[in-house]
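Here is how the chains run, residue by residue.
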Amino acid sequence: RKEVEQDPGPFNVPEGATVAFNCTYSNSASQSFFWYRQDCRKEPKLLMSVYSSGNEDGRFTAQLNRASQYISLLIRDSKLSDSATYLCVVVGNQFYFGTGTSLTVIP
Amino acid sequence: DAGVIQSPRHEVTEMGQEVTLRCKPISGHDYLFWYRQTMMRGLELLIYFNNNVPIDDSGMPEDRFSAKMPNASFSTLKIQPSEPRDSAVYFCASNRRTSGSYNEQFFGPGTRLTVL
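So the protein sequences, as listed, match chains H and F.
The opening residue of the first sequence carries number 1 in our numbering; numbering runs sequentially from there.
The opening residue of the second sequence carries number 1001 in our numbering; numbering runs sequentially from there.
No wet-lab data here; the hints were simulated from the structure.
Warning: the hint list may mix true and false statements.
[Unchecked claim] Computed list of lysine-lysine pairs in DSS-like fashion (alpha-carbon distance at most 25 Å, straight line):
| hint | chain 1 | residue 1 | chain 2 | residue 2 |
| --- | --- | --- | --- | --- |
| 1 | F | 1078 | F | 1024 |
| 2 | F | 1068 | H | 79 |
| 3 | H | 79 | H | 45 |
| 4 | H | 79 | H | 42 |
| 5 | H | 2 | H | 45 |
| 6 | F | 1024 | H | 45 |
| 7 | F | 1078 | F | 1068 |
| 8 | F | 1024 | F | 1068 |
| 9 | F | 1024 | H | 42 |
Note that the structure is predicted; figures quoted are calculated from it, not measured.
Please take these sequences and the hints and turn them into a complete structure.
Here it is, written out as structure tokens:
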């Protein structure tokens, strides 16, 4: 079983839509959680950390559900510039990256 | 501050040749990671170092791959001999662990390797 499972998509949504991504993880002892964004032909960059109580950064909301062992990312009011691949990261004894979810925001 | 630096940015080589990828982590970071990314397999961890010591190399695909970190500011990933299936983007990343928890990883721009 993979450490992290992520729906690869692709997600194609119109501008202004709300879209949500989920990742499930297998190790209940995992300690830290992140969402990264990767643009085409670029390196992954941190989008936001995920805290137990949930956290928000502008249009982005990240949540952690330890009981069900998943993390989520919600993007409200999607912009064209949100088009990218979003990778979840779960940290136990090492960093485990999901395979990424591709998002395209359509005009 | 300079981020993670990788060289070369692009490498095209012929099958059988030796390839050396280089990485300079962010100063003060004590962890360094080497990843490989392909469309088919996504981002794969190859090896990571803590304080210049290799901790987990279970992701290194085979003996043709080797990695070293002679000091805190430099690491190499070597493929010898290279094969067409090694074609991928190779990323180096670094981070610092504080208070027992992991902070974010910072990635370099990657080396795009093509083996003909």
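Quick rundown of the hints versus the structure:
1. F:1078 <-> F:1024: holds, 15 Å
2. F:1068 <-> H:79: violated, 42 Å
3. H:79 <-> H:45: holds, 18 Å
4. H:79 <-> H:42: Distance of about 19 Å is within 25 Å: holds.
5. H:2 <-> H:45: It holds: about 22 Å lies between the C-alpha atoms, which stays within 25 Å.
6. F:1024 <-> H:45: Status holds; Cα separation ~17 Å.
7. F:1078 <-> F:1068: holds, 9 Å
8. F:1024 <-> F:1068: holds, 12 Å
9. F:1024 <-> H:42: The given pair, whose Cα atoms are some 18 Å apart, holds under the 25 Å limit.
Hint 2 alone, counting from the list given before, is not met by this structure.
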